[in-house]
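*Asks:* Sequence:
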Amino acid sequence: MSGSSERSVVAVSIPGKEIDPLLKDLNEKKQNFRKNVVSLAAELKDVRSRLASREQLRQEAETRARSLEEEIDKLHHKLEEKNEQIQASAGFAQECIKELDALRSQLAITQASATSAQSAQLQCLALLKELDEKNLSITEAR
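For the sequence shown, the residue numbers in my numbering are 1 to 142.
By construction, these hints were calculated from the structure, which means they are not laboratory data.
Treat the hints loosely; a few may be bogus.
Below, in silico cross-link-like pairs of lysine-lysine (DSS-like), each with a Cα-Cα straight-line distance of 25 Å or less [claimed, not checked]:
#	residue 1	residue 2
1	K35	K24
2	K45	K29
3	K45	K35
4	K98	K78
All values derive from a computational prediction rather than experimental measurement.
Turn these sequences into a full structure, and let the hints guide you.
*Replies:* Next up, the structure:
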């Protein structure tokens, strides 16, 4: 309602006479109603502002969540690649271990053969020495 309506209500009063109690009550109710409307409008504005702020926060959260999902997908892909590399390396390491075990076996056999050969060589040397001694004693006996 406009301000001219208020004047018309006030203009109804007659100088020297009391305003009708119903009109006074109606005027008070009208004033209270206007205060309530203004208060509700301010509250509505505040609620709309908070709602807009929450909506902005929700959108930011959704954007951040999408960004995190993309980052997680990238990291998952990298993890899968690294896992494949590790598995390939593990396979290669297993092959190397098998080859190393085979080489160790060959080395053990070679060492045993070398020890046996060295022993045979020592026996040959001992036999040669013995042969030399016998040849010498045969030569002296003649």
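*Asks:* A separate judgement is required for each hint: does it hold in the structure or not?
*Replies:* Hint by hint, here is what the structure shows:
1. K35 to K24: 17 Å, holds
2. K45 to K29: 24 Å, holds
3. K45 to K35: Holds, at about 15 Å.
4. K98 to K78: 30 Å, violated
Consistency note: the structure conflicts with earlier hint 4 alone.
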